[in-house]
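**Student:** Below are the chains, spelled out letter by letter.
Protein chains: 4
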Amino acid sequence: MASKIRVFIWNEFVHEREDPKVKAVYPDGIHKALAKNLGTDFDYRFGTVDEPEHGLTDAALAATDVMIWWGHMAHGRVADAAVEKVHARVLDGMGLIVLHSGHHSKLFRKLMGTSGNLRWREDNGKSRLWAIEPSHPIAAGLPQQFVVPHEEMYGERFDVAKPDDVVFISWFEGGEVFRSGMTWTRGLGKVFYFQPGHETYPTYHQKEVIQVIRNAIGWAKYQGATDVMKGAPHAQVPMEPVRSAG
Amino acid sequence: MASKIRVFIWNEFVHEREDPKVKAVYPDGIHKALAKNLGTDFDYRFGTVDEPEHGLTDAALAATDVMIWWGHMAHGRVADAAVEKVHARVLDGMGLIVLHSGHHSKLFRKLMGTSGNLRWREDNGKSRLWAIEPSHPIAAGLPQQFVVPHEEMYGERFDVAKPDDVVFISWFEGGEVFRSGMTWTRGLGKVFYFQPGHETYPTYHQKEVIQVIRNAIGWAKYQGATDVMKGAPHAQVPMEPVRSAG
Amino acid sequence: MASKIRVFIWNEFVHEREDPKVKAVYPDGIHKALAKNLGTDFDYRFGTVDEPEHGLTDAALAATDVMIWWGHMAHGRVADAAVEKVHARVLDGMGLIVLHSGHHSKLFRKLMGTSGNLRWREDNGKSRLWAIEPSHPIAAGLPQQFVVPHEEMYGERFDVAKPDDVVFISWFEGGEVFRSGMTWTRGLGKVFYFQPGHETYPTYHQKEVIQVIRNAIGWAKYQGATDVMKGAPHAQVPMEPVRSAG
Amino acid sequence: MASKIRVFIWNEFVHEREDPKVKAVYPDGIHKALAKNLGTDFDYRFGTVDEPEHGLTDAALAATDVMIWWGHMAHGRVADAAVEKVHARVLDGMGLIVLHSGHHSKLFRKLMGTSGNLRWREDNGKSRLWAIEPSHPIAAGLPQQFVVPHEEMYGERFDVAKPDDVVFISWFEGGEVFRSGMTWTRGLGKVFYFQPGHETYPTYHQKEVIQVIRNAIGWAKYQGATDVMKGAPHAQVPMEPVRSAG
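Protein sequence lines correspond, in order, to chains A, B, C and D.
First residue of the first sequence: 1, per the numbering used here; consecutive thereafter.
First residue of the second sequence: 1, per the numbering used here; consecutive thereafter.
First residue of the third sequence: 1, per the numbering used here; consecutive thereafter.
First residue of the fourth sequence: 1, per the numbering used here; consecutive thereafter.
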């Protein structure tokens, strides 16, 4: 029997403790709500910004198949050394799902090589997510489009590296569009960004949103080769004779 | 009349001063040899690692359309602040051409979000560069394939972000292959990596290699929109009424 | 002095002759309106479905740098042999700009390898085109977004091959999104699809729309290598000795 | 329990009957050899060019998850109607693995929108396949590179549409390179092209080659959404009020 995918849900966990409005939506934090809603198919581990090493210990990272990242107001409080470690694990094959305001996290920007900038507005309005790549595993079980009734608007231009796949494009009532679900490969790791999830709305209690994240976990888990290049190897002995060296 | 493209050739300029063998090939430095061989169609500016700010002043960067980057043993001596500035200028639309061992520069790795690792061997052997995307402007004037008679071997897997285009793939006599010419977009900036150019071989005196770099300069110069998003704008007033906010 | 780009505007030219409403908007046909609005920077040639060979003679194709294609109700009347010829010219390096309902032309579907299907509605409503890849030459001179006040809705999922670049994404008032400006490479030829241009609206009299098409002409003109592989060559004599053949 | 993936191996089956040299390698045909070597994890069905409808009946296609296609001298004998049907099934979500000389099949060219041309030589020499995208599921269980000791040379430029992923690049002893394993998406279907498999060499008896094809079957099976757009739907009633229609 296949063992459960080991999911590390990292959430800065600040809004939920400081803002009663957010606490009302996610009393135990976004991380715990995600785990509860994603269900029992995965093994969970958690980390938050105020823990030692933000909970991102070597042991925890080594035992993680897929990490979920939610951050916003505390991006700057995440230590550079921790970002380096998580980044290295992504290159080493750990899957990563970056949610909502994580677009401005040090980690995501380091993976993209770009600013992660976008246009935004907290208007509490409606968005529609269109599954434009229905054959992608992340779209499994989803309708052709679904509504998130109240969300923060995120609009283009989203300054990211060119994605491998654009799985979702969002329509916002105020006139904007947004590539709201995109994938990249970095090193051996698969990365998925997903837009919904402002802290003041019950977005992570919506079944379509949870289905997307659940699918993304399965997709992001490493399924490739085990014999992979390590470091920058000096291939001292050529495989074929180099006669031209002269 | 169109003004000349302003090219900033940055070269760490260490090997050429310290190693007589390199000095014999590039007596005035790789940067000066490149400028001489690229000819008078461009306006040049230069920078090296030992200058104040490595020559990467705000004024110089602001007056640059396309930067060429050659570095190797002094990657670690390039100040992080300088890397941040050049990176920001790429996102702002400055073209960038990274040559040979620049694959391990802080700048290139920051743009890629990956390690930039590859397999290597100084075997002085032959490589063949195949133009697999002949319609790309960077391939203009080039033959279907050409030989670089003596080069350092760089082999896959090259740990880079997925390229926009693979323009060249190299065959190495020792049995390796390498995506030796690739393009990316980062922010508003176009980036081209090109493999040939080990300091001990006269590679930058070879006409096909120079033609590739010349083409890349023309291609990398910004030709896009001038009305572009700045920062992460708060689009406070929606363009269309948001009735669902309720 | 560079000679003018030779542009062949192909328009089936049926609606404009049969439907007074369309004739009122484009009395001389969409092709003539396009040429007039694109201005005198290009050399024009025209073809329509009712001409011999639809005007797509060998001589005309050989003398074309970039073709623009508008078709709708007469897709089925375009002879397969003509489609083969135009397709072959694209592979040979002719640029191609497919407009609006051309998404269902035999030519575009042959280039894509897909159905070209999409969701649609003639609601005469508003759309907003967002330039999500501002550094692309096709976005030069365009604002970050612009409105086409009345257009036919085209919505995702648009069944096309994965594009090289998504330059524009459209927002439609009715809730849909659409990748309204996309590029591909086929053989040596560059292909651009652009959504606006329903025959009953004066879309091709709008300056931003014309600017996009003008940019696309410059972009689509072949700028690559002249030494290119012809056919499927039998490389009888290897460049390097094949010792393993045994 | 998950049911077995239903694999349809289509092989023109001409060389093996007409050429004793080929018959010696594949006495029951390439299709039967593939099935035997791929093992019992899959349910197989077969078709050959001389069967009625080439074995490509509606019922057989409807019951197929992934098709493997090998063809060479009989490309022209495959009826256009059969090609249309298989193409339609790919757009509808059937996976497709095109082997070796299938690059010139009507089916593959229709999916690509290009000529499928390449450079070739029957030199019986050695090739090395480098897994340049080790994180791809198709690379699972494979070494960083492996040798096919005797194969027909296929070299760039391979005239295909831009791939989603280049999983393998081959080195040929005679000096050529080739993107020997590439993926595309067409409609809902996943497509993989894999270069090895000339009829006169025992390539499909080599374990690494079989491992690649086995992996590709698992990868190509549809895993996406079930609620997908059918045809080109007239979305007559907008989801949001279209007030601008006026």
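In short, the hints are calculated from the structure, not lab data.
Hints should not be assumed to be uniformly reliable.
It does not matter which identical chain is meant; a pair holds if it fits inside one copy or across any two.
Heads up, simulated DSS-like pairs for lysine-lysine below, C-alpha to C-alpha not over 25 Å straight-line [to be verified]: (1) 106 / 221; (2) 36 / 110; (3) 162 / 221; (4) 4 / 207.
Remember, it's a predicted structure, so these values are computed and weren't measured experimentally.
**Student:** So, against the hints stated earlier in the document, which numbers end up violated here?
**Tutor:** 2
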